[in-house]
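**Q** So the sequence lines, in the order shown, correspond to chains A and B. Residue numbers for the first sequence follow my numbering, beginning at 1 and rising by one. Residue numbers for the second sequence follow my numbering, beginning at 1 and rising by one.
Take the hints with a grain of salt, since some may be wrong.
Distance condition first, Cα-Cα at most 30 Å in a straight line; then the derived DSS-like pairs of lysine-lysine [claimed, not checked]:
(1) A:Lys12 x B:Lys255
(2) A:Lys21 x B:Lys244
(3) B:Lys182 x B:Lys255
(4) B:Lys110 x B:Lys126
(5) B:Lys182 x B:Lys155
(6) B:Lys176 x A:Lys153
(7) A:Lys153 x B:Lys96
(8) B:Lys96 x A:Lys12
(9) B:Lys244 x B:Lys287
(10) B:Lys287 x A:Lys239
(11) A:Lys238 x B:Lys70
(12) A:Lys12 x B:Lys182
(13) B:Lys126 x A:Lys21
(14) A:Lys12 x B:Lys131
(15) B:Lys126 x A:Lys12
A few chain A positions that, by computed beta-carbon distances, are all more than 12 Å from chain B [stated by the list, open to error]:
(16) Gly16
(17) Asn89
(18) Pro118
Just so you know, the hints here were simulated from the structure itself, not pulled from any lab data. Bear in mind that the values here come from a model prediction, so they are computed numbers and not experimental data. Virtual Cβ for every residue (Gly too), placed ideally from N, Cα, C.
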Amino acid sequence: MGEIAKAYFIAKKDMGAYYLKPPLISWGLMLPIVFVLAFYFRNPAGIIEVVPGLIGLTLLFSCTSMAAIVITFEKRIGALERLLLAPLNFRTILFGKSLGSTLFGLMVAVFITLILIPLMGLSVKHFWAFVLIFIFSGLAFSLLGILISVGVKEVFEAMTMSNFFRFPMIFLCGVFFPVSSMPYPLPILSYLLPLTYTVDGLKHCMLEENGMIPLYLDLLILLGFVFLLFSLSLFIFKKRIRQEF
Amino acid sequence: MNDIIQVKDLTKVYGGNLAIDHISFHVRDGEVFGFLGPNGAGKTTTIRIMVGLTQPGSGTVWIDGHDILKEPVEVKKTIGLVPETSNLYGELTALKNLIYQAELYEVPKKERRTRAFNLLEEFSLKEHQEKPFQALSRGLKRRLTIAAALVHKPKILFLDEPTTGLDVMSARGLRKLIGDLKKKGVTIFLTTHYIPEAESLCDRIAVIMKGKIRVIDTPESIKAQVKEMDVLEIGLDRITEDLKNKLFLMEGIEKILISENRIRLHTKTLDQITPSVIQVIEKQGAKIEMINTLSPTLEDAFIKITGLDSDVMKIDKPMKTGIE
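Chain A with its partners taken away, still in its complex shape (with noise of 0.2 Å):
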């Protein structure tokens, strides 16, 4: 049986256990959905513009939620052990764990998309780059969340961890203000994280701007984080379960 498969079993018994667990509500779906509900109520012709933003915001929140749980409550109720003993090696159980996530943070950012288009009139260019935005940009923001929770012992120590990484994210990656717009050197600092990409990959796809780099720059750039996080996650995941167990 391919290695995919067993990640496809793990990613599917993820998204059936874990779904309505609090953090995940709390962080994953309510903080999202709070977030469009406030920017549309404030003004809700201007939301256009912070639309592309909003989704990418989503899609980081939902699945880096989804990647705490998947790995910390596992660690803590010592269900993770049941992976290690099965025949899979460790590759396999971190995609599997970040597939789950991904699928997690994929079915809310277009629950979310769906909404906003049509309630904002908006039309979607590039259909498959647009796809392929979301794919990537999923993976990258799971990995990313494993890489922050595989270290800690608590749900709670994961989210907060979490939040280290990601509130900064919303103020440096373009959903509310351009990245050009910043003063030196915070656009440096923009340019290392993912979301920024997620986000200009979206912009380009959404709305009728031109964007920070070219689309298919984002498209590679965003398979490059998801390359580098895997490898990294990877790496962090096998030292702390050979420290742990």
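On the provided structure of chain A, position chain B as indicated by the hints.
**A** Coordinates of chain B only, in the frame set by chain A:
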């Protein structure tokens, strides 16, 4: 019989202490092999190294012809582990937990549900199949955890302290189940700190203490090590400190064990010592309610081998965090 498990010169250091101290042993195909020792002896560490959860400091572990360090995935296909803590997924139902395990262990798709249903039937869990794991009683959780370890029909089943925390009936049912698995040809490696459990279940036992194996043999052969010793058991209405001191000073008594109002004396000179003991007791004003000579038990042999009091073995580990 072939050796299905071979462990050579295994070590593990934790926090500067040698938790496993150069141990070597083998397990034969189809036997029930027990690791007997007090808490902290190194039983769980050994089992975790053998199943690939913990990295050894040095040494080798071969399971069914595969090196655990070089071919962990191959080893994991042939083994099942029932950890000390029942750690299935609390949110999933009993049935879904078994199907998920079947998926991970590469059970063909068309067989997954059938195997899960058969195991639920076999373990008398059918009526609980739709209940989430977290809603089951401790005994039912234990049964389901064992069922989950068997879903891929492993050649070897590892059981870490299988009856710890179970009520008498559940523990008895579990022991019967281990016997049934042996009849089916499954090799069983279990750790326990219950001496009677090791004696009744195991074909061979390794006594482990402070990370070292003291003896490996059949329960009968281990007991034979104390055959020259007789045991005199006396029940009294009360046991005073003065009486204890007098008995400890008597010659010809190898060991004295006292629990509640019973005294067990280990001696090689039963005939000579018995009248003297009775005399001492009567002088102290205690009333003899029962007096008996016993054959040496595995417990007696264990005490001789390890020098430990058998009460040490009755101490359970504190429960770990997790779904119990």
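**Q** Hey, Lys126 (chain B) versus Lys21 (chain A), does the alpha-carbon distance stay inside 30 Å?
**A** 28 Å, holds
**Q** What's the verdict on Lys244 (chain B) and Lys287 (chain B), does the C-alpha distance respect the 30 Å limit or exceed it?
**A** 14 Å, holds
**Q** For Lys12 (chain A) and Lys255 (chain B), compute the direct alpha-carbon distance and say whether it is at most 30 Å.
**A** With Cα atoms ~60 Å apart, Lys12 (chain A) and Lys255 (chain B) exceed 30 Å; violated.
**Q** Below or equal to 30 Å on CA atoms is what counts here, so check Lys287 (chain B) against Lys239 (chain A).
**A** Violated, because 64 Å separates the two Cα atoms, which is more than 30 Å.
**Q** Under the criterion that the straight-line Cα-Cα distance not exceed 30 Å, is the pair Lys126 (chain B), Lys12 (chain A) satisfied?
**A** 24 Å, holds
**Q** Please work out if Lys182 (chain B) and Lys255 (chain B) have their alpha carbons no farther apart than 30 Å.
**A** 36 Å, violated
**Q** Take the C-alpha atoms of Lys21 (chain A) and Lys244 (chain B), compute the straight-line distance between them, and say whether it is at most 30 Å.
**A** The given pair, whose Cα atoms are some 59 Å apart, is violated under the 30 Å limit.
**Q** Report holds if the minimum CB distance from Pro118 (chain A) to chain B is greater than 12 Å, and violated otherwise.
**A** 35 Å, holds
**Q** Could you grab the alpha-carbon distance between Lys96 (chain B) and Lys12 (chain A) and see if it respects the 30 Å cut-off?
**A** Holds, at roughly 11 Å.
**Q** For Lys153 (chain A) and Lys96 (chain B), compute the direct alpha-carbon distance and say whether it is at most 30 Å.
**A** 26 Å, holds
**Q** Does the alpha-carbon distance linking Lys182 (chain B) and Lys155 (chain B) stay inside the 30 Å limit?
**A** 11 Å, holds
**Q** Would you say Asn89 (chain A) is clear of chain B, with no C-beta pair closer than or equal to 12 Å?
**A** 6 Å, violated
Hint compliance for this structure: hints 1, 2, 3, 6, 10, 12, 16, 17 are broken, all remaining hints hold.
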